[in-house]
Amino acid sequence: MTKRLTGKRVLLYACVLLVTLWTLAPIYFLIITSLKQYVGTITYPLSWLPTPFTWNNFGVMFTKYTQDSISYRFLHALMNSLIASSSTTILNLVFGSAAAYVLSRAKIRGKNAITMIFLASNLLPTVALIIPFYVLTVTYLNGLNLYDTNTLLVIVYSSFSLGLVIWIMRGYFDSIPLELEEAARVDGATRMVSLVRIILPLTAPGILATGLLTFLTSWDNFVLPLVLAPDSSAYNLPFFIYSLNGQYLHLNNEIAAGGLLSAIPPVLIVLFFGRYIVSGMTAGAVKG
Amino acid sequence: MLSSAIVRVVERVSVSLGTRKSLLSRMWHRFFSSLTGEYLWFYLLLIPSILLLILVVIIPMVFAFRMSLGNTMVTILGGKGNLSMQWVGLQNYIQILQNPNFWQAFRDTLYFTVVSLLVEVTVGVGLAVLMNQQFFGRKIFRVIVFIPWAIPTIVNAMLWGMVFDGDNYGALNDILLQLHIISSPIVWLNPSPLFTNIPWLSSFMNWMGGSVAMNSMIVGDEWRTLPIVAVLLLAGLQTIPNEYYEAAKVEGASAWRQFRAITFPLLGPIMSIVLILRTMQLLRAFTLIFTLQQYGLPTLSINAYQQAFSFGNFGSGSAISFLIGILSLLIAVVYINRLYKEEMS
Chain A
214 MTKRLTGKRV LLYACVLLVT LWTLAPIYFL IITSLKQYVG TITYPLSWLP TPFTWNNFGV
274 MFTKYTQDSI SYRFLHALMN SLIASSSTTI LNLVFGSAAA YVLSRAKIRG KNAITMIFLA
334 SNLLPTVALI IPFYVLTVTY LNGLNLYDTN TLLVIVYSSF SLGLVIWIMR GYFDSIPLEL
394 EEAARVDGAT RMVSLVRIIL PLTAPGILAT GLLTFLTSWD NFVLPLVLAP DSSAYNLPFF
454 IYSLNGQYLH LNNEIAAGGL LSAIPPVLIV LFFGRYIVSG MTAGAVKG
Chain B
180 MLSSAIVRVV ERVSVSLGTR KSLLSRMWHR FFSSLTGEYL WFYLLLIPSI LLLILVVIIP
240 MVFAFRMSLG NTMVTILGGK GNLSMQWVGL QNYIQILQNP NFWQAFRDTL YFTVVSLLVE
300 VTVGVGLAVL MNQQFFGRKI FRVIVFIPWA IPTIVNAMLW GMVFDGDNYG ALNDILLQLH
360 IISSPIVWLN PSPLFTNIPW LSSFMNWMGG SVAMNSMIVG DEWRTLPIVA VLLLAGLQTI
420 PNEYYEAAKV EGASAWRQFR AITFPLLGPI MSIVLILRTM QLLRAFTLIF TLQQYGLPTL
480 SINAYQQAFS FGNFGSGSAI SFLIGILSLL IAVVYINRLY KEEMS
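For the record, the sequence lines run as chains A and B. Per my numbering, the first sequence starts with residue 214, numbered consecutively. Per my numbering, the second sequence starts with residue 180, numbered consecutively.
The set of hints was computed from the structure by calculation and includes no laboratory data. Check the hints yourself; a few may be wrong.
Only part of the chain A face toward chain B is listed, based on derived beta-carbon distances under 10 angstroms [stated by the list, open to error]:
| # | residue |
| --- | --- |
| 1 | Y226 |
| 2 | L337 |
| 3 | F373 |
| 4 | P390 |
| 5 | L391 |
In this text, all values refer to a predicted model and were calculated from it rather than measured experimentally. Every residue gets a Cβ at the ideal spot worked out from N, C-alpha and C, and that includes glycine.
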């Protein structure tokens, strides 16, 4: 019996080790590549240590700031990513939570159908919306000068996450007993007051989860800027990294450095708030 | 006598008119109060989202449908785009459905989606069970496993481009060469056939879209997405009460039997969520494949993108994306119905 158990333990630790290796090896490879000089990325046999070593790949992202230099494009992409992702998050949280609250509480006929339509809109493939968006912005809405702006990206990102926000937040509102709100209103609080003072604090984990999820999704988006903001004024970090991949020369070390820098915010979010995000995503499934 | 009868009739009419009036005014009052007071808040809170939905989803979809029914072209002159949508009816759809390239893209997408999902429900569940075991360093293990999901898709694509590099300085080739598993570097990103020594299997796999490159894409994609699948399933595992397993152990059920009878059925609801999210993401897969293959491995999304933005044929681009949309919605409806049934029971 003990022998079999030890055998099981060995198997268990072997699996753990294997999964750890599978997870970390590519990240390790990315890190050493970002610390190599270009020649180190194309020699054989490949060095699994950062040789010849340099900090320069990270350095070029921040120094020699002139028009169209790498640092210029990187910092602009960073700014654009931050602006677009945070605006999308705020917009989605405000509108989405409000709608989710109504869809959870109001006695409106067809509110389930409305929720389903919102969810379905979230499940639509990106390209299904991107073609009409592009054509509308460059033709009928040309006068609004939306093409290649952060405003356009924020509006379009929102269409991709609003449904999910409403769906998750509705699950959270549903989980709060109606009596709690009624008690507050018996005591004379108006609906708005009870919403802001009682319901919202209770759904704070949900708001955090959906907010971060929206942020991560918009931070990750590549297709929309590829089509709607390919010029310098609004392209984001994913598009910047894509543009580093030249047609003839793959500067893997610079790509790796840019990639690592752009991965820092989402990795930090997942490390610190991963638990909230997971409980948010499962709220719809295990609310019963 | 007559006059009193007239008076009575007049009274009756006026009474009935009066009640009708009061009914009308009551209905009006109800409608009005539903717009104000209590319900006003509801409408005020809901309307912005509905407007956003109409503006950014419904109108573009209707417009896309109109474009798909025309020979649609956009010419940009001096910063101003001109649109021509000559009506051709269903011709775009007919042409697409007759085009072997579309069906290849369809099978490619299907292969990518189905194989990825199979990996996720087997390896993903296994990984979740592993994370749920008691062992030294479990806490840090759970954190490490979750990290790849945070890496942006484009970075993941670039990373796996370096790993799968066809030259001998690609990371995977380097490892395999140094371990003497292979003698010359393999071009992992080439759409070359698998199982070349078994002709019928090889040609079948090629027909299904299961080339070397496609399987490399699946590996690269799974590295980033298996973590979220496993972590979500782990959250599901943790809701299963331990007493169930203890009771099963008392009854003498084997580990596999416990998994079949307790773990798998109770994972159902969370599995449905994971499957919905992942199927939709897989069907729309674009970034990874486009970055590493350009148009070399056209899935449906890439096919639509190419038609519209590379060939300038916005009509058939819209038509393809409409077909993907309908396919996605059909699958979503099936899943969501299943989910609701599970919640009811």
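Now the hints, each set against the structure:
The beta carbon of A/Y226 comes within 7 angstroms of a beta carbon in chain B, closer than 10 angstroms, and the hint placing it at the interface holds. Residue-level restraint check for A/L337 holds (minimum Cβ-Cβ distance to chain B is 6 angstroms; threshold 10 angstroms). With a cut of 10 angstroms, the hint placing A/F373 at the interface with chain B holds, because the nearest CB-to-CB distance is about 9 angstroms. With 10 angstroms as the threshold, the beta carbon of A/P390 stays out of range of chain B, its nearest partner Cβ sitting at about 18 angstroms, so the hint is violated.
Look at A/L391: its Cβ only gets to about 15 angstroms from chain B, farther than 10 angstroms, so that hint breaks.
Hint compliance for this structure: hints 4, 5 are not met, and every other hint is.
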